[in-house]
Amino acid sequence: MNTYEISIELGQLISYIKDAETGHRGYVITNDSLYLEPFINARKNVNNTFQILNTTIKSDSIKQEQLKKVYDLVDKRFSYFKNNFSSKKEFNDDFRNGKIIMDSLRTQVNNMLSTENKLLSSKDKLYKYNNSNTPLIVFSTFLISILILGLGYTRIIKNYNDLINQNIRLKIFDESSKQAEILGKYGSWLLNIKDKTFSYSDNKFRLLGCKPQSFHPTLENLLDNIHPDDKEILIDAFQQIGEKESFPLIRYRIIKKNTLEIRHFRTTAKIFIDKLGNKNMIGTTQDITEDYNKTQLIELRNKELEQNNKELMEFNHVASHDLQEPLRKIQTFISRIEDKEKDCLSESAKGYFEKIQEASNRMRILIDDLLQYSRTNRSEKTFENIDLNHVVTNAISELSENIAEKKAVINFEKLHHVQGIQFQLEQLFINIISNSLKYSKTDETAIVNITSKKVKAFKVPKLKDDSKKEYVKISFKDNGLGFEQEYAEKIFLLFNRLHGKKEYPGTGVGLAICKKIVENHKGYIFAKGKPNEGAVFEIYLPV
Amino acid sequence: MKLFLKTDSLFLAKKILEEKLDAFNIKYNLINTNEILFLENIDADTYQKITSILNEYGFEIIENQKNIIVEKIKETIIEMVFNDEVPSVKSSVYLAEKLDLSYGYLSNLFSEVTYTSIENFIIIQKIEYVKKLITHHNLTLTEIAFKLNYSSVAHLSSQFKNITGITPSAFQRILKKRNEIANQNIN
Amino acid sequence: MQKDFILITLADDDEDDRMFFTDAFEELKINTVVNTVNDGVALMNFLNASETVLPNIIFLDLNMPLKSGIECLKEIKADSKFKDIVIAIYSTSSSEEDIENTFVLGANIYIKKPNNFGKLKEILSEVVTLNWQYITSGLNKDNFLLRM
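From first to last, the protein sequence lines are chains U, D and H.
Residue 447 is where the first sequence starts when you use my numbering, and the numbers rise one by one after that.
Residue -18 is where the second sequence starts when you use my numbering, and the numbers rise one by one after that.
Residue 4 is where the third sequence starts when you use my numbering, and the numbers rise one by one after that.
Isolated chain U, as found in the complex:
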């Protein structure tokens, strides 16, 4: 609180100077040295006061500046204190000058004092304010502490509840995984890689035909239950843990300890490093005996089915192929008799002979068609990129005689490419075109228009395929006899015919072959017909 001291000291300074003035005046008037003593003391006191003030305001440069001015004025005032004057006028002048300096000194000191007082009052205010705030701060601190304590408490309680919940969940999970292990016929195991300590879940023991935790599993007794032929598999797998820190999926057999039954196991495992840096191998072993047996059975059935199918096809092929030989001879001999001996036959024998000829011809057609049908199954299925323009050209040249005979017109625009088997597609085109030629009208030029375009599967509802797979749609439109729409599916069945043998010879194999070929190509075939207006065959083949 040096403001206070400064005010006091400044007040004293003025009074000391007044003392000096009074002493000096007394001496000048009286010339009595008694008056000199207060004057000299005042001088000492002024110096003392300046000393004190100087130390007090040492740190404040503004105040020091003010003090220096005061000091200069004091010094000036003292310079007018003379003991002897040459004239009354000199004394009067000095006295007058001393008064002026004294006045400015007073003003200066008052200035300083007012500054100090202002400072003092502001400090006083601050103090008062501080005094009034203190209880509020103490109280707030207290409240905050309580709050923090409360929060900490709820937090701890919450964590504690979480922990309890987690524990419950863990127990539930543990229980359900135990049940799952029993139901799913699997067990789990854990291997600490560093310590080589092993632990099995309860069910792992059961799977081995032992009571839960009835022995301590180790790497040494690991192989005890394993089928002798499969021990190598496990040894290799566990070796991988050390070498590559991984575990392959393995299948092996074990012999159950209690029943001595052979079971099929599958084991997989994964490395797991916990937060403490321990490397563990966590594994699951499953008893897959039932699945294994089922797969075996399915495989066996499949093989049987394949074998049956193959035999059937083989039979079909061999039968039709080997039937050809004797039939060909019969027909050749028939032709020889016809050429050479027919004239020698009686009329009825000639009739019988013609019947034999017809029957053998029909048999020939049947066998040929059957052979072709069986061949569409036999051929290897390597798909190539096929230009349908070539296919249609070859089909037309194959049918050139037939087309010329019927004076038919086959139109086709630029066709697309598909993935397929060249000669099968040619057969398909030949069969469909020749079908159109066969059922053409006698009084009209037979016309077959062949077009193709690309379509997306989902845009054609009848394909029953919602994918974006692309197909080439090939249409064969003719102006022939057509058929009732209700037969549209029937015409593709083997040996199915819509007309009598006499009117239109045929075996009902041609369109069945078409269907077969299209199916071989994973495509679709549809027929649309209207009696006397013609038929449209639509084929969808994958691009």
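The hints are simulated quantities; they were obtained by calculation from the structure and are not laboratory data.
Positions of the beta carbon are idealized from the N, C-alpha and C atoms, including for glycine.
Possibly wrong hints are sitting among the right ones.
As the list claims (entries may be wrong) - Selected chain H positions facing chain U (in silico; Cβ < 10 Å):
| id | residue |
| --- | --- |
| 1 | N66 |
| 2 | P68 |
| 3 | E78 |
| 4 | A81 |
| 5 | D82 |
| 6 | K84 |
| 7 | F85 |
| 8 | D87 |
| 9 | T95 |
| 10 | S96 |
| 11 | S97 |
| 12 | S98 |
| 13 | E99 |
| 14 | E100 |
| 15 | K116 |
| 16 | N118 |
Put chains D and H on the given structure of chain U with help from the hints.
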């Protein structure tokens, strides 16, 4: 050591013919080493001797006039077919003009000697040319059809198939596979 | 035809087929000499015998005991001394794969045995005639493919 020789078979043939024929002391003219025009009558005995001697040197006698004409017809047809410029006239007219004989006569003669018709022979040669173009020039069927004046690929294909029993594309495929096998065997 | 005779050999295990074959040539007015063998082994023995005059055309049945037609075809094609012989497959099969396969292996002609004697004569006549063209008209034998 090795000697590399170049032979002129025509020169050789001419030399041999002259040498052998001169020995018989007969007047003759040689036309291009494939025709001998005798300028006097020759008896059967001498004829026999000449043919047997020439046979020894690999000359085959195309005996009579008919054969000569047939050979000429064949030559003309082959020339006509394998020449890239297709004659503007019908082949019957072309042949008759070239050989200066009536087409009817040529046709009958040809069938009599070769058991096949001129038309058929032309087609066989055309197909032969197609085969050559397929195997050696890597032309597409469209290009070949155009080059040989076929109205369409379909027409070419069907004629090819009629003669050979197989389609041109099958032919192409078979030859390609044969080459692949041959190359495998070499490697 | 001026060349003496066309030499023809048929290898077929079927007696009736051999008969049809020889009868057909007998009725055709072509100068041919036909001899037949009963199987593939007999064929190869015949071809490899030193006194044999090699045939112009061999007709080869595919399905024969002891040695199949395919085996014969491969052996004949592998031996350069037989390179001038035209091979005609003579079979009941009309499988496209069989046909293409034999062509690829070097056969020149594929004949599906017809079921009519008149047709047989027609085919054999055509084969011999066309073959004759290949011999006399300078056609490239490598390109000689014919399916009947």
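Consistency of the hints with the structure:
1. The beta carbon of H/N66 is positioned within 10 Å of a beta carbon in chain U (closest approach about 9 Å), and the interface hint is therefore held.
2. Among the interface hints, the one on H/P68 is violated; its C-beta lies about 14 Å from the nearest C-beta in chain U, farther than the 10 Å criterion.
3. For H/E78, the interface hint is violated, the least distance from its beta-carbon to any beta-carbon of chain U being 25 Å, above 10 Å.
4. Residue-level restraint check for H/A81 is violated (minimum Cβ-Cβ distance to chain U is 26 Å; threshold 10 Å).
5. A cut of 10 Å between beta carbons decides the hint on H/D82: the least distance to chain U is about 31 Å, and the hint is violated.
6. For H/K84, the suggested interface contact is broken, since its CB lies about 34 Å from the closest CB of chain U, more than 10 Å.
7. A least Cβ separation of about 29 Å between H/F85 and chain U goes past the 10 Å threshold, and the interface hint is therefore violated.
8. The restraint placing H/D87 at the interface with chain U is violated, with a minimum CB-CB distance near 31 Å, outside the 10 Å limit.
9. Checking H/T95 against chain U by beta carbon gives a least distance of about 5 Å; that is within 10 Å, so the hint holds.
10. Taken as an interface hint, H/S96 checks out: its beta carbon lies about 7 Å from the nearest beta carbon of chain U, inside 10 Å.
11. Given the 10 Å rule on beta carbons, the hint for H/S97 holds: about 8 Å separates it from the nearest Cβ of chain U.
12. A cut of 10 Å between beta carbons decides the hint on H/S98: the least distance to chain U is about 6 Å, and the hint holds.
13. At about 5 Å, the closest approach between the beta carbon of H/E99 and any beta carbon in chain U falls short of 10 Å, and the interface hint on this residue holds.
14. With a cut of 10 Å, the hint placing H/E100 at the interface with chain U holds, because the nearest CB-to-CB distance is about 7 Å.
15. This hint holds: H/K116 has a C-beta 6 Å from the nearest C-beta of chain U, less than the 10 Å allowed.
16. Interface hint status for H/N118: upheld, as the beta-carbon distance to the closest one in chain U is roughly 4 Å, under 10 Å.
Of the numbered hints listed earlier, those contradicted by the structure are 2, 3, 4, 5, 6, 7, 8.
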